[in-house]
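> What follows is each chain in one-letter form.
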Amino acid sequence: MENIIIPQADVIPVAWGWFQALLLLTFPIHLLAMNAMLGGLAIGIVQHLRGGTVEKKLAHRIAVALPLVIAFVVNFGVAPYLFLQVIYGQFLYSSSVLMGTFWILIIPILIIGYYGAYLYDFKFNSLGIFGPFIAIIVFCLLLVIGFFFSNNMLLMSLPERFTDYFSQKNGTMLVYDNVTFWPRYLHMMCGALAVGGLFVGVLGRFRKAADIELADHCERLGLNVFLVFTLVNVGLGLWYLFSLPHSQLMLFMGGNIGATALLVVALFTVIGALVMAFKRKFWLSFFLGVTLVVFMTFLRSWLRTDYLSDYFSLDQLQLVPQYSPFIFFLVTLVAGIICIAWLVKKSADAFSTP
Amino acid sequence: MNYPVWYLPETGGGFLIALIAVLHVFVSHFAVGGGLYLIYAEKKGLRENSPAILEFVKKHARFFLLLTMVFGSITGVGIWFIIALVNPAATSLLIHNFVFGWAAEWVFFLVEITAAFVYFYTFGRMDSATHIKVGWVYFISAWMSLLLINGIIGVMLTPGLWAENMDFWQGFFNPSFWPSLFFRTFIAVMIAACYGYFSASFVADVAVRDSMTRFSAKWALVTLALMIPSAIWYISVLPVAAHTMVMGKSPTIAGMMPWGLVGILGLLVIMLGAGIYRPRFNSKPVAVLSLFCALAVMGSFEWIREAARRPYVINEVMYSNGILKSDIERLNSEGYLRQALWVENKELTGDNMLQAGEELFINQCYACHTIGGINNDIVAASKNMSFRVLTKYINTIHERRYFMPPFVGTDREAKALATYIAGGLLGKETIAAPLEMNTLAAARVLFEDNCSSCHGIEDLSPAFESLSHKEITAMFPVLDEISDEMEPFSGTAEEVKLLADYLHSLNNPVAPTGVSGAILFEDHCSSCHDLQEMVDIVDGQGSEELILLLGTLNDISDEMEPFSGSATEQEILAGFLESANKGDQ
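The listed protein sequences correspond, in order, to chains P and A. Using our numbering, the final residue of the first sequence is 354, and nothing's skipped along the way. Using our numbering, the final residue of the second sequence is 585, and nothing's skipped along the way.
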């Protein structure tokens with residue numbers, strides 16, 4: 001404990017539970033959008049390379065959707081990143097600085113990847129063989145971004161590594177040498193591929209009235225992808241679980257009733273999702289898959305709390321109440337949702353009109 | 001001091017912030033003003049029943065989407081990333097205080113991107129009235145984003161009462177909130193008009209190109225005109241220190257101002273000449289030039305706004321290097337290194353002055369200074385200074401140059417920093433050379449040590465007016481006879497002579513000696529000028545002129561104060577400069 005450096009946290013304006021709730025509410029949305037982006041793109045690339053009419057049609061649908069999905073991945077990432085800074089800022093700012101050079105590289109990488117996605121969309125037909133090539137580059141760039149995110153999210157939980165700063169002040173510290181890093185990263189990425197299958201199924205559903213063949217193909221392929229990668233991810237998840245330090249492992253092995261119960265429920269959800277996917281029940285698979293992602297974010301949060309428990313707990317944050325801005329935000333949120341609902345309705349009307 | 005410093009000595013964090021921020025604001029303001037532009041351009045197309053104009057609007061909307069959605073929104077996240085990397089303490093303070101302002105801004109951002117997609121993808125598919133309404137939803141949500149961010153970043157320049165009570169609403173509606181909001185709204189529409197002008201230059205149909213060029217030019221000129229009163233209003237609400245700097249006291253601002261003015265003039269010429277008068281003159285190169293002019297206006301505004309709050313990152317609350325103003329007193333008495341978290345040298349020993357000095361540099365100077373980089377290179381800035389002068393300079397840095405934060409820490413820590421800069425970076429001696437004992441400067445030190453607690457030079461000068469050097473010397477052993485409060489001077493014979501020299505010189509200026517003049521030059525001038533440069537400046541001026549010049553330095557530049565030494569020292573320095581000039585010739 002002597003050599004651990006932990007910055008002083010700033011005061012918070014409302015009770016920490018609100019921030020934790022907002023974080024747990026918004027992060028799964030970001031994660032689902034990220035999964036749709038990454039998994040959807042991977043499926044699109046394979047379909048595009050495989051050829052065939054319906055496959056190419058699906059690849060094109062995914063290419064059209066991709067820039068929109070990226071926009072929402074970024075947007076839905078803003079909110080949890082904001083709330084994470086509020087309750088874990090002293091760890092997150094420190095870890096971000098320690099890997100600052102890589103952290104800021106995310107921005108140009110994302111800009112290039114995003115423009116690549118638009119290029120793939122707008123020039124899908126004219127690009128020819130370069131289309132999938134560009135899509136593969138975009139996919140690799142997104143994997144790199146995920147790699148940096150995994151590093152930062154792990155590093156912020158490891159304040160015992162912070163003193164490495166003194167030998168690396170230029171922001172080039174990464175923690176992929178940590179025993180939990182690779183299973184953690186691969187678990188996240190494989191999960192994205194699985195959920196990407198569900199996204200492709202939904203894309204097909206939206207087009208069912210216009211193109212039944214495409215919709216059937218999407219659903220069949222999507223469920224297959226979901227089934228296979230979820231199975232693989234169970235293995236990766238177990239690898240991740242057993243790579244955890246003993247105290248964190250025990251948290252899910254009866255050490256903490258809540259965490260253990262949640263893991264058990266998550267495992268049952270996995271089984272349910274796999275069975276439903278096997279039985280070709282799309283919406284049930286979809287519902288269970290989404291629920292599983294939500295449970296996983298809760299487990300992840302639990303794990304972070306335990307990682308930091310030697311140094312910090314959320315109730316140590318000093319509260320200097322200012323609730324009126326919070327109310328202002330909630331009102332804005334309701335108004336925003338109404339606006340978006342109106343926009344979606346008008347958009348759907350426009351597209352349903354022949 | 002609470003957070004680690006991301007240390008890239010040759011690049012500097014400030015440069016990275018400026019790079020990302022200027023490009024981002026140029027596009028993000030377009031994202032706001034562009035919404036309004038699209039609505040009215042579409043209305044124009046509908047009113048004139050012109051499919052060609054509507055086609056132009058659709059193409060412009062696609063360009064708008066590609067630029068604002070990708071570059072605009074990702075560099076927005078980029079700013080967030082980079083400020084948290086370069087100044088995590090300030091970012092944390094603002095995030096924690098204004099979290100729900102940012103959260104509300106996120107909601108508007110969400111509505112904004114949804115509306116932008118709906119607007120673009122339903123162009124020609126949706127009925128016009130609804131499509132225009134979607135445009136309004138976009139513009140209002142984008143403008144609300146601007147309003148919210150404007151409130152939060154405004155507090156960094158004009159915190160008002162927030163600096164004391166940290167109340168969200170008082171901070172949000174800070175003194176510059178309204179003028180800044182108006183200014184930013186006008187500049188946003190002006191930039192959007194320039195982008196519209198740029199898009200128009202690509203149109204092949206001459207009639208449409210002329211029509212949209214003139215339309216864009218009108219928008220640019222009207223908003224340019226409206227920017228001026230709002231800028232004056234904005235400047236008028238600035239705190240005194242920021243106001244003084246904007247009006248020329250800050251060299252950064254003085255250097256940036258012409259860019260903004262050139263940008264405004266360029267836009268006036270282009271929009272009047274190649275917009276209103278002869279829209280046909282609008283070509284791609286001219287349109288690109290107009291964008292560069294708009295970038296110069298936007299960039300110089302942002303640069304000036306950032307520079308105006310120096311030496312603070314959050315005015316009156318936190319200095320640029322992340323040190324809270326309220327912590328200064330405690331850190332000065334307890335020592336900076338002991339309290340800083342991310343330093344290895346917690347205590348100063350005789351052996352670690354260089355290493356500790358480097359850590360002090362990283363923590364206190366690196367926020368603005370690079371080492372050998374293009375942005376505020378510390379090596380170039382301090383190359384004329386000796387270790388002794390640097391030590392003195394560091395301790396009075398904020399008083400000498402307001403826009404630099406005060407050095408925080410003990411005197412020994414200041415010496416450690418001077419050791420690092422003088423010894424580590426400049427390769428100079430890091431032992432303060434003892435003053436030559438035959439100099440007036442050394443005599444002045446004697447005076448300060450023995451007399452100045454009760455006497456000022458100005459008080460004593462008349463009393464010694466009629467006394468000879470010998471008479472003054474004779475007084476020292478019998479000071480107790482003059483007043484019970486004094487004791488005989490106990491210095492050595494050499495010190496008696498020096499002190500007598502000094503007191504005698506108050507009324508009888510001695511011929512300037514090279515050494516004392518050099519020390520005065522070093523103390524007062526060398527932080528900004530080297531000797532050769534000064535010799536060139538004072539070329540041909542006599543001693544009398546130079547004395548006058550030294551007393552009115554503020555007339556030459558706002559950055560300088562009149563010479564602050566005594567009248568004698570002023571004469572000595574003038575003599576030194578004159579003799580250096582003659583020697584040079």
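Treat the hints loosely; a few may be bogus.
Claimed, not checked - In silico EDC-like pairs for lysine to aspartate or glutamate, Cα to Cα no more than 16 Å straight-line:
id, chain 1, residue 1, chain 2, residue 2
1, P, K169, A, E10
2, P, K346, A, E10
3, A, K133, P, E213
To be verified - Per label pair, the in silico range of CB-to-CB distance:
id, chain 1, residue 1, chain 2, residue 2, range
4, A, R400, P, F166, 28 to 38 Å
5, A, R330, P, D177, 48 to 58 Å
6, P, F133, A, P285, 50 to 60 Å
7, A, L272, P, A209, 53 to 63 Å
8, P, V54, A, K284, 52 to 62 Å
9, P, S126, A, F292, 23 to 33 Å
10, P, L24, A, V262, 25 to 35 Å
11, P, N256, A, R400, 57 to 67 Å
12, A, Q532, P, F133, 32 to 42 Å
13, A, L268, P, P108, 29 to 39 Å
Unchecked claim - Facing chain A, a subset of chain P residues (Cβ under 7 Å, in silico):
id, residue
14, A71
15, Y114
16, Y115
Calculated directly from the structure, the hints in this document are not laboratory data. These figures come from a predicted structure and were not determined experimentally. Every residue gets a Cβ at the ideal spot worked out from N, C-alpha and C, and that includes glycine.
> For this structure, which hints from the list above don't hold up?
2, 3, 5, 6, 8, 10 and 12
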